[in-house]
Amino acid sequence: MSKNTEFVKFDKVDKSYDGKVLVVKDLNLNISEGEFITMLGPSGSGKTTCLMMLAGFETPTNGEIYLDSNPISNIPPHKRGIGMVFQNYALFPHMTVYENLAFPLRVRKVQKDEIDKKVDKALSMVSLSGFESRMPAQLSGGQQQRVAVARALVFDPAVVLMDEPLGALDKNLRESMQYEIKHIHENIGVTVVYVTHDQGEALTMSNRIAVFNDGKVQQLSSPDKLYEEPVNSFVAEFIGENNTFGGEVTDISKNVCKVKLQNGEILANPISVNSKGDKTTVSIRPERALINPKDKMDNNQTGKIEEVIYHGDHTRVRLDLLGNKEFILKVPNSSNELDLKLGNEIKVGWNSQDARALDPK
Amino acid sequence: MSSETKQILTTDGIPLEISLKKAERKNKIKAFLLVAPLLLFLIITYIFPIGEMFTRSIDDKMITNMLPKTFKSMETWDGKELPSEEVFASFLSDFKILVEKKEHGKLAQRLNKEKNGFNTITKKLFRQVKRNKIDETQSIKEQIMKVHKRWRNVEYWQAIKRTAPPYTSAKYLKAMDMYLNEDNKITQVSEDRRIHRILWLRTVEVAFFVTVFCFLMGYPIAHLLATLPMKYSNLLMICVLLPFWTSLLVRTASWMILLQQQGVVNDFFVMIGLVADDNRPEMMYNKVGTYVAMTQILLPFMVLPLYSVMKTISPSLMRAGKSLGGTPFVAFWKVYFPLTIPGIGAGCLLVFILAIGYYITPALVGGASGTLISNQIAYHMKTTLDWSFASAMGLMLLGGVLVIYWLYNKLVGVDNIKLG
Chain A
270 MSKNTEFVKF
280 DKVDKSYDGK
290 VLVVKDLNLN
300 ISEGEFITML
310 GPSGSGKTTC
320 LMMLAGFETP
330 TNGEIYLDSN
340 PISNIPPHKR
350 GIGMVFQNYA
360 LFPHMTVYEN
370 LAFPLRVRKV
380 QKDEIDKKVD
390 KALSMVSLSG
400 FESRMPAQLS
410 GGQQQRVAVA
420 RALVFDPAVV
430 LMDEPLGALD
440 KNLRESMQYE
450 IKHIHENIGV
460 TVVYVTHDQG
470 EALTMSNRIA
480 VFNDGKVQQL
490 SSPDKLYEEP
500 VNSFVAEFIG
510 ENNTFGGEVT
520 DISKNVCKVK
530 LQNGEILANP
540 ISVNSKGDKT
550 TVSIRPERAL
560 INPKDKMDNN
570 QTGKIEEVIY
580 HGDHTRVRLD
590 LLGNKEFILK
600 VPNSSNELDL
610 KLGNEIKVGW
620 NSQDARALDP
630 K
Chain B
611 MSSETKQILT
621 TDGIPLEISL
631 KKAERKNKIK
641 AFLLVAPLLL
651 FLIITYIFPI
661 GEMFTRSIDD
671 KMITNMLPKT
681 FKSMETWDGK
691 ELPSEEVFAS
701 FLSDFKILVE
711 KKEHGKLAQR
721 LNKEKNGFNT
731 ITKKLFRQVK
741 RNKIDETQSI
751 KEQIMKVHKR
761 WRNVEYWQAI
771 KRTAPPYTSA
781 KYLKAMDMYL
791 NEDNKITQVS
801 EDRRIHRILW
811 LRTVEVAFFV
821 TVFCFLMGYP
831 IAHLLATLPM
841 KYSNLLMICV
851 LLPFWTSLLV
861 RTASWMILLQ
871 QQGVVNDFFV
881 MIGLVADDNR
891 PEMMYNKVGT
901 YVAMTQILLP
911 FMVLPLYSVM
921 KTISPSLMRA
931 GKSLGGTPFV
941 AFWKVYFPLT
951 IPGIGAGCLL
961 VFILAIGYYI
971 TPALVGGASG
981 TLISNQIAYH
991 MKTTLDWSFA
1001 SAMGLMLLGG
1011 VLVIYWLYNK
1021 LVGVDNIKLG
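Line by line, the protein sequences give chains A and B.
In my numbering, each residue's number is its place in the first sequence (first place is 1) plus 269.
In my numbering, each residue's number is its place in the second sequence (first place is 1) plus 610.
Take the hints with a grain of salt, since some may be wrong.
Claimed, not checked - Capping the alpha-carbon separation at 25 Å, the derived lysine to aspartate or glutamate pairs in DMTMM-like fashion look like this:
| id | chain 1 | residue 1 | chain 2 | residue 2 |
| --- | --- | --- | --- | --- |
| 1 | B | Lys841 | A | Asp287 |
| 2 | A | Lys563 | A | Asp623 |
| 3 | B | Lys944 | A | Glu383 |
| 4 | B | Lys679 | B | Glu634 |
| 5 | A | Lys630 | A | Asp295 |
| 6 | B | Lys921 | A | Asp295 |
| 7 | B | Lys944 | A | Asp425 |
If you're looking for bench data, these hints aren't it; they were derived computationally from the structure.
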């Protein structure tokens, strides 16, 4: 069975609330069937608006959204057959868990015994069997969240939307729920569109991530690619930690370019620079820069230790390197022979491949 | 767990419960002292007057104190034939004391209420006593019976006997258009005199429909208030509250200006050709006026509790209902509406209870067919000065409200009320 790669399609979608500011600008996005896609971005970046347009609670100002090749702009929310998990769960407080789950089935006039079967199945999927007669208020936050997930899935929707569903949970619960939702997705193969501002969540769960900023998708790619190969400085900054140097390209070849900094010069991987004289921001992941590198590396610098922060499994070292006083290094806890003292000068090296010369900030 | 749980001690060895009580006693005293002024105020202004009202409404001691000897001697009288000489004699001696104190008029009035015709015969007896025409060495019974033929009628003596108990339910029966007849049976008054029952029914009817109208109009307003953005909802809230800041009399008077036959509304109807100029409908001094004015005045009491409840309902619930496949109506009816029931309950109860005792508005715009039981109470307080009757009706109103509250508690549950 070939999967429809344009199962959900945003086609040139613009959205404005007040006629002055575009919240979403020229959004083109294809989501394939069975995919887990995450819209990630800071608040106000337009990701939730996109979700609401897909759910039908907002109408696109321009452009069209297609679901399974059918334009859906004129279909009211209740006819779209899209399941949705809300940020604050939105469980009906006056109904039991069973009634909450039965609601989408009852409005679809499903037979009573069929409803019982489906509710049973959905509850066991989120391991909440036996909670049918509880009221939502009698459940913990995590349990409520699971009921909300089960409710969004119980009527076998083609697409499930999740709007920061784990935002209200504490850290441990959030992590275990991430895996749980991921497993549910893997088991039933439903298309999931997930919105979050938590990059960790996005990286763990998704097949692909769309990074939103300023109403635009900055990058759409798999989690590893997003982290390893950010295409611009916003993505590099937003996903994971990042050391940056601002400078100017002085020499450029196919795979490597020379970037002149305020005090010094480094070799970098030209991503979004084309010619000499371009301004650029070079981004290096903290774990890609090594202290006293044994292998030969094409960037070797010396920095002064400004701060040492113990983090348990690793130690963070803040260096003053090439005029950047916020240069962060992550030192694994195994390499304890290093002499990390404040004020010490240490050697740091990295490959030009890992120093990505991106657009200037 | 064993049934004998071990007593838990504090670090100092004092039982935990005792220690806790000690620690909390101070707080309790403080709390009580804070509440005390209000409690005192409530007792003085609420509990006492209601108690006073109750005693007044059943009090019939006046005549008991006027005719002590008579009632004493009447105790052995079977009430079938004319009483004995002894009863007549004690009645005369009681009467003479009253004449001396010039209280015989009150007696006549009171007895006349019990049975018509006492006024005349008491006056006649008074004249005889005043002129010392009654010879106490002769049979007093014979002499009194000669004063007027009604003194020879056993029914009048029965009426006197009926007034003997110090308490009476007559006022309550009267409020229900009933009375105790000669045989001590509860009887309805003749049909053309049954005014109170009509008033009670009308009061309940008006209160009910005003509640319904307030609900029908208040629900959408409250919903709008709860969902509009702040800057608009504040303005709307002011519009809702504006009537609160206007004097009740001013509001009622403005309704009079609007609703009278030559009033604004009628002028408008004539102008758009809805009614003929010489056939303007009466919208005031009848039930229409009462409904319109009371609904407007009581509307905020419906809107505010509803608003406070709706404000707490997350808009995502309606969205959830729709995204799960419910049409907007189903989402409203199955999700939103049930969640507003506490507000509906509070609003309806509030409006109904206020409406059932409403006074000024019906008095001004009600006319004859729009007056309510509260107007009747006021009438007896101010005009006839029959305070005990007014008290009886007031208490019946209070009782009715308590019954409604109890019913409401049974049906919806008072815990479900949310007043704001």
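Hints, one by one, checked against the model:
1. B/Lys841 x A/Asp287: holds (16 Å)
2. A/Lys563 x A/Asp623: Measuring from Cα to Cα gives roughly 17 Å; hence the hint holds.
3. B/Lys944 x A/Glu383: Given that 25 Å is the threshold and the Cα spacing comes to 21 Å, the pair holds.
4. B/Lys679 x B/Glu634: violated (60 Å)
5. A/Lys630 x A/Asp295: holds (22 Å)
6. B/Lys921 x A/Asp295: Distance of about 36 Å is beyond 25 Å: violated.
7. B/Lys944 x A/Asp425: Holds, at roughly 21 Å.
In terms of the numbered hints stated before, the structure departs from hints 4 and 6, listed from lowest to highest.
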